[in-house]
Amino acid sequence: MVMEPGLVSNKNYFNIDFPRGHIGLKSFNADGVDGDDDLSIVRNSGISGNRLTQYFGVGAETRRTSTHIPHPYAIQVGYEEGWVLNVHAIDTRGADDKMGCTECRCDLYGFFEAGGGLHCCPDDSRCRLKQGFRGENKRIYLRYTVKYVEWDSSSIVTDVWTKADQSKGIRATHHCKVEYGVESCGGGVEKDGCVDTESVSFSFPVGGEVVYGVGHQHAGGGGRTICSSKPIYGKGNEAGNEAGFIVGERH
Numbered sequence: 001m002v003m004e005p006g007l008v009s010n011k012n013y014f015n016i017d018f019p020r021g022h023i024g025l026k027s028f029n030a031d032g033v034d035g036d037d038d039l040s041i042v043r044n045s046g047i048s049g050n051r052l053t054q055y056f057g058v059g060a061e062t063r064r065t066s067t068h069i070p071h072p073y074a075i076q077v078g079y080e081e082g083w084v085l086n087v088h089a090i091d092t093r094g095a096d097d098k099m100g101c102t103e104c105r106c107d108l109y110g111f112f113e114a115g116g117g118l119h120c121c122p123d124d125s126r127c128r129l130k131q132g133f134r135g136e137n138k139r140i141y142l143r144y145t146v147k148y149v150e151w152d153s154s155s156i157v158t159d160v161w162t163k164a165d166q167s168k169g170i171r172a173t174h175h176c177k178v179e180y181g182v183e184s185c186g187g188g189v190e191k192d193g194c195v196d197t198e199s200v201s202f203s204f205p206v207g208g209e210v211v212y213g214v215g216h217q218h219a220g221g222g223g224r225t226i227c228s229s230k231p232i233y234g235k236g237n238e239a240g241n242e243a244g245f246i247v248g249e250r251h
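Residue numbers (UniProt numbering): 1 to 251.
Everything labelled a hint here was simulated from the structure, so no lab data went into it.
In this text, all values refer to a predicted model and were calculated from it rather than measured experimentally.
Take the hints with a grain of salt, since some may be wrong.
[Claimed, not checked] 16 Å max Cα-Cα, derived EDC-like pairs, lysine to aspartate or glutamate:
id	residue 1	residue 2
1	230	198
2	11	124
3	138	124
4	147	31
5	230	196
6	138	4
7	147	34
8	130	97
9	130	4
10	130	96
11	138	34
12	26	198
13	130	107
14	11	123
15	26	124
16	98	242
17	98	4
[As the list claims (entries may be wrong)] Restraint ranges, calculated between C-beta atoms of paired labels, are given here:
id	residue 1	residue 2	range
18	72	96	45 to 55 Å
19	16	209	26 to 36 Å
20	188	73	43 to 53 Å
21	150	82	15 to 25 Å
22	188	55	45 to 55 Å
23	133	86	21 to 31 Å
24	244	196	14 to 24 Å
25	17	112	35 to 45 Å
Note that the Cβ used here is the ideal one computed from N, Cα and C, for glycine as well.
With these hints in hand, go ahead and build the complete structure from the sequences.
Below, the structure is given as structure tokens:
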């Protein structure tokens with residue numbers, strides 16, 4: 001994809017190269033690279049979301065977040081799948097507010113509503129740049145690594161999407177909340193004294209083992225903990241360690 005300062009690209013890429021046959025997927029990782037040096041991410045271009053629809057959904061933290069599914073579990077594939085990759089990239093070079101751009105703040109994209117979210121940074125939209133900034137176009141690529149095994153009798157099927165109502169179709173309406181806002185701390189509150197807590201609960205139609213789980217977060221309950229993940233913030237200037245940005249997840 002060809003990016004320019006402030007530009008958003010949110011496109012689907014169909015029939016991508018992917019392992020074929022009766023296999024078990026073990027992991028999927030992706031990395032943004034540029035055409036000049038295929039070993040480094042375009043430092044100021046944030047890949048804010050990469051999704052291999054149905055199976056994996058990762059963001060800029062993909063470099064330091066393990067998606068490995070332990071043996072003997074694997075995601076069974078091998079029918080007539082058509083592999084689709086969704087890439088949501090935001091070029092923050094010269095941005096007036098880089099973090100605001102990656103958070104898709106509506107006012108930075110020319111929308112008059114308050115708040116932010118994916119609806120304010122659609123494909124081909126632009127985030128506000130510093131006055132007078134000029135930057136060259138840059139071609140970037142998404143490099144992805146797939147690890148898999150040939151399926152055999154020792155493999156255990158891992159179901160990645162089972163609807164609680166046992167429905168096979170996609171419902172027109174649902175109660176999933178993919179985004180929520182975090183309220184600002186009030187005046188006089190210490191940095192670590194303001195906590196925003198959100199929770200969600202759901203039921204599975206059958207029992208089983210939780211094999212893998214990890215959260216996805218942007219910068220910015222009672223009962224047994226099944227899994228948890230915390231963001232890793234970069235502290236430097238090099239690729240994969242960009243100061244102030246989420247570069248990984250601990251889980």
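Hints, verified against the model:
no.: 1; hint: 230 <-> 198; verdict: 14 Å, holds
no.: 2; hint: 11 <-> 124; verdict: 9 Å, holds
no.: 3; hint: 138 <-> 124; verdict: 15 Å, holds
no.: 4; hint: 147 <-> 31; verdict: 15 Å, holds
no.: 5; hint: 230 <-> 196; verdict: 14 Å, holds
no.: 6; hint: 138 <-> 4; verdict: 6 Å, holds
no.: 7; hint: 147 <-> 34; verdict: 23 Å, violated
no.: 8; hint: 130 <-> 97; verdict: 8 Å, holds
no.: 9; hint: 130 <-> 4; verdict: 14 Å, holds
no.: 10; hint: 130 <-> 96; verdict: 5 Å, holds
no.: 11; hint: 138 <-> 34; verdict: 7 Å, holds
no.: 12; hint: 26 <-> 198; verdict: 30 Å, violated
no.: 13; hint: 130 <-> 107; verdict: 14 Å, holds
no.: 14; hint: 11 <-> 123; verdict: 7 Å, holds
no.: 15; hint: 26 <-> 124; verdict: 34 Å, violated
no.: 16; hint: 98 <-> 242; verdict: 12 Å, holds
no.: 17; hint: 98 <-> 4; verdict: 14 Å, holds
no.: 18; hint: 72 <-> 96: 45 to 55 Å; verdict: 51 Å, holds
no.: 19; hint: 16 <-> 209: 26 to 36 Å; verdict: 30 Å, holds
no.: 20; hint: 188 <-> 73: 43 to 53 Å; verdict: 49 Å, holds
no.: 21; hint: 150 <-> 82: 15 to 25 Å; verdict: 21 Å, holds
no.: 22; hint: 188 <-> 55: 45 to 55 Å; verdict: 46 Å, holds
no.: 23; hint: 133 <-> 86: 21 to 31 Å; verdict: 29 Å, holds
no.: 24; hint: 244 <-> 196: 14 to 24 Å; verdict: 19 Å, holds
no.: 25; hint: 17 <-> 112: 35 to 45 Å; verdict: 42 Å, holds
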